[in-house]
Amino acid sequence: MCHRFLSGVVAAARRETERILSNREYRAVVWWLPLSIILFFAIFFSKEVVGALPVAVVDEDNSHLSRRLVSMLYATHEIADIHELADMFVARELLLGGEVVGIVEIPDDFAKNILSGVSAEVVYYDSGTNVSTSSLSAKGVQTAVTTFGVGVALQRAEIAGAMPDEAMAQAMPIAFSTYALFNPWLNYAYYVAPCFWVMILIISSMLSTIYAVGTELRGATTVEWLRSADGSLLGALLGKLAPITTLLWLLAAVVGVLIFGVYEAPMQGRWWVLIVGVMVLLLAYQAVALFFVAITASFRLSLSLGGGYSVLAFTFSGVTFPTMAMFSAVRPLTKLFPYTYFMELYIDQAVRGSAWWLSLWEVASMLLFVLLPLLALGRLRKLLLKRKFWGRL
Amino acid sequence: MRRFISDIWRVATEEWRSVWHDEGVVLIVVFALFIYGISYSLGYGGEVLEEVPVAVVGRQGGIGRKLTRTLDASPKIEVAYELSDMGDAEQLLRNRKVWGVVALSADLDEDILAGRQSRVAILGDASYFLAYREVAEGAVAAIQQMNEAIIVQRNGVYRPPIVYEQRNLFNPSLGYGVFVMPAIILLIVQQTVLIGVGMVSATRRERGVHLPSQSPLAITVGRTLAYLAIYAVTLGFMLTVHYSLFDYPMRGEWWQCVAVVAPYLLAVILLAQAVGALFRRRESSIVWLLWLSIPFLLISGVSLPPQAFPQWLYVLGRVVPSSAAVDAWIAIQSRGASLSDIAPQLMLLCSLVILYGLLALRANKTPS
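Same order as they appear, the protein sequences are chains S and D. The opening position of the first sequence corresponds to residue 1 in our numbering, with each subsequent residue numbered one higher. The opening position of the second sequence corresponds to residue 394 in our numbering, with each subsequent residue numbered one higher.
No wet-lab data here; the hints were simulated from the structure. Keep in mind it's a predicted model, so treat the numbers as computed, not measured. In this text, a Cβ means the ideal position worked out from N, Cα and C, and glycines have one as well. Please note that the accuracy of each hint is not assured.
As the list claims (entries may be wrong) - Computed beta-carbon distance windows for the label pairs:
{"#": "1", "chain 1": "S", "residue 1": "Asp165", "chain 2": "D", "residue 2": "Arg458", "range": "23 to 31 Å"}
{"#": "2", "chain 1": "S", "residue 1": "Gly231", "chain 2": "D", "residue 2": "Phe427", "range": "52 to 60 Å"}
{"#": "3", "chain 1": "S", "residue 1": "Leu375", "chain 2": "D", "residue 2": "Ser477", "range": "24 to 32 Å"}
{"#": "4", "chain 1": "S", "residue 1": "Gly219", "chain 2": "D", "residue 2": "Met394", "range": "31 to 39 Å"}
{"#": "5", "chain 1": "S", "residue 1": "Met163", "chain 2": "D", "residue 2": "Ser731", "range": "54 to 62 Å"}
{"#": "6", "chain 1": "D", "residue 1": "Ala499", "chain 2": "S", "residue 2": "Gly353", "range": "26 to 34 Å"}
{"#": "7", "chain 1": "S", "residue 1": "Met163", "chain 2": "D", "residue 2": "Ala499", "range": "35 to 43 Å"}
All chains, please: the whole structure from these sequences, using the hints.
Written out as structure tokens, the structure reads:
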């Protein structure tokens with residue numbers, strides 16, 4: 001019995017491999033398309049540091065103090081692309097057109113105020129329409145202005161006769177240093193690129209599995225498929241999925257080589273947890289794909305549904321926009337996507353180097369999704385055997 | 394001429410009929426924009442991260458207590474735990490109970506009273522960028538506020554050499570949805586047009602049906618009109634009703650908006666006809682095009698700035714209609730720019746309309 005089952009699985013797998021090899025579109029879905037997009041991301045994220053953002057500086061004072069501040073702005077790596085402009089009106093035009101991301105205004109009484117002991121005001125007008133450039137450029141401007149301000153304060157205190165230490169304590173009683181835990185590089189490629197790569201893996205898992213079953217329904221070849229596995233539904237499913245799963249895991253390996261080999265992202269935790277995690281993740285999306293085919297009984301509709309489900313995972317995972325900032329009614333939805341669990345596992349293992357058992361919960365949650373099609377086995381069998389489900393578009 | 398116009402009309406109505414008689418196409422061309430638009434808007438609906446939980450380690454004495462209160466009062470962070478041990482703080486971080494730690498020096502009170510400088514370490518969890526930013530900004534602002542209070546107490550006045558201020562002109566609270574949704578809505582339009590038109594084209598080819606005209610020009614114009622009519626309504630709804638519901642910025646005049654959206658829709662619909670000719674089976678367009686949503690978003694330079702990726706990719710990405718359109722749309726609607734500010738993007742969009750128009754003519758010529 002066991003032997004018969006296994007040879008059925010092997011036969012179904014062999015049949016599926018031939019289907020993949022003989023169908024250009026199938027080969028594209030399961031291999032070439034995801035691989036191309038994965039490589040596209042590799043090029044996209046190949047720049048190691050974010051280039052200097054364009055910022056306008058309007059120096060209305062043009063004194064030697066204000067020039068010193070401007071030179072400090074040039075010295076920051078975030079905003080070294082500086083457009084020095086004569087007046088705010090011209091700067092505003094550039095900001096509206098999107099040629100600069102913000103404007104630093106140094107008022108004309110800048111030096112006068114500093115020299116007479118009054119506070120000078122420096123304003124950074126940021127467009128705010130791009131949250132990522134906003135925080136980067138603001139950080140650059142703030143660093144330059146703060147460094148400049150502390151310098152002046154120290155000079156003042158020393159002129160007044162204070163020792164350097166005392167001067168520091170007077171200007172800033174409590175000093176602070178900020179540390180970026182777990183990702184001290186604050187590097188985009190280490191952080192954002194894996195999120196996108198894993199998205200491609202799950203889209204690929206979803207689409208290729210739906211494609212594999214959907215094309216059988218469409219071509220009315222389900223009975224032939226079932227027969228290849230000696231009539232066993234489970235055998236037919238396992239045999240069909242096996243070659244796809246193998247290719248998906250290979251794609252995941254390519255992504256792993258890119259992240260850790262080419263980009264040299266740090267790996268702080270356990271390899272085996274990450275590897276088990278990604279394998280289960282891809283199985284989970286295959287399982288959801290089967291489930292979608294079963295409940296919709298339609299190739300096209302399950303493609304639409306599965307496509308939407310896999311694409312939306314990014315937003316509802318909290319990787320860019322954190323879960324805790326979401327509406328409280330929306331927050332539970334994040335649990336409906338295996339991607340969410342995997343990204344937590346990835347961050348825990350690769351980025352934070354947490355203990356391996358902290359990730360067991362995520363693996364277990366993803367395994368629940370793998371069980372999903374068991375609920376729909378009866379329905380799947382009906383689909384494969386009843387003529388009325390075949391050949392539908 | 395009369396013949397030509399009646400051909401256009403017949404093609405348009407036939408295309409319109411093909412859309413509405415096919416539930417798969419209706420789902421993509423009509424409803425997907427609402428489904429995705431609303432889902433994404435809900436996902437980003439919280440807009441800003443507030444009161445991120447942090448732990449304070451090593452609080453002792455009156456000044457430490459006051460600093461803790463100041464930290465807690467910040468809108469960006471909330472002191473969820475007060476601990477004496479860094480090890481406990483690490484556990485909380487790893488279990489995602491806190492997203493940052495503010496570690497006070499043990500001698501904080503003595504140092505301040507003796508006029509020495511004291512040090513505070515702000516540790517933010519950088520495995521989530523947004524959370525890291527809130528923790529760093531919130532804690533720094535609270536410490537600066539505390540410094541001011543100490544200096545005022547000592548000297549009676551606080552007069553720093555420079556008062557620095559940042560004003561976010563067009564997105565005052567730096568909301569996330571305000572940032573990404575304008576781009577996402579336009580991108581959903583592009584994806585649904587490309588996939589939907591591809592589905593209609595391939596279905597027609599599969600069934601061996603032809604449009605009621607021989608003239609490629611009449612076919613192209615007629616099909617374009619059919620989709621323009623649909624998207625004028627659905628996208629119009631998204632950009633007015635949906636926009637107001639979620640409080641997205643609407644700083645442009647209606648005619649400025651039309652000046653951006655009209656050439657964009659034209660370019661996308663024409664491109665979709667050109668691409669649609671490549672598909673043999675009705676499901677093919679989903680299978681081939683679904684992948685492109687993230688690359689299209691990235692290459693537009695809207696989520697990550699163009700300075701973050703290779704310039705040649707950015708330049709190459711300009712052939713995708715959404716790239717120039719999203720730039721122009723955000724300039725007009727989010728920043729309140731004038732048409733002359735976005736002249737380069739409009740020129741590019743118009744060139745794309747011509748380019749894809751020619752390709753669509755070619756695609757509609759080959760007997761389907």
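Taking the hints in turn, this is what the structure says about them:
1. Look at S:Asp165 against D:Arg458: about 26 Å separates their beta carbons, and that is inside 23 to 31 Å.
2. Judged by the Cβ atoms, the range 52 to 60 Å given for S:Gly231 and D:Phe427 is violated: they are separated by roughly 44 Å.
3. Checked against the hint of 24 to 32 Å, the C-beta distance between S:Leu375 and D:Ser477 comes to roughly 50 Å, which is inconsistent with it.
4. Between S:Gly219 and D:Met394 the Cβ separation comes to about 47 Å, which falls outside the hinted range of 31 to 39 Å.
5. Taking 54 to 62 Å as the suggested C-beta distance range, the pair S:Met163 and D:Ser731 conforms, at roughly 56 Å.
6. As the Cβ distance of D:Ala499 to S:Gly353 is approximately 28 Å, the hint placing it in 26 to 34 Å holds.
7. A beta carbon spacing of about 24 Å between S:Met163 and D:Ala499 contradicts the range 35 to 43 Å that was offered as a hint.
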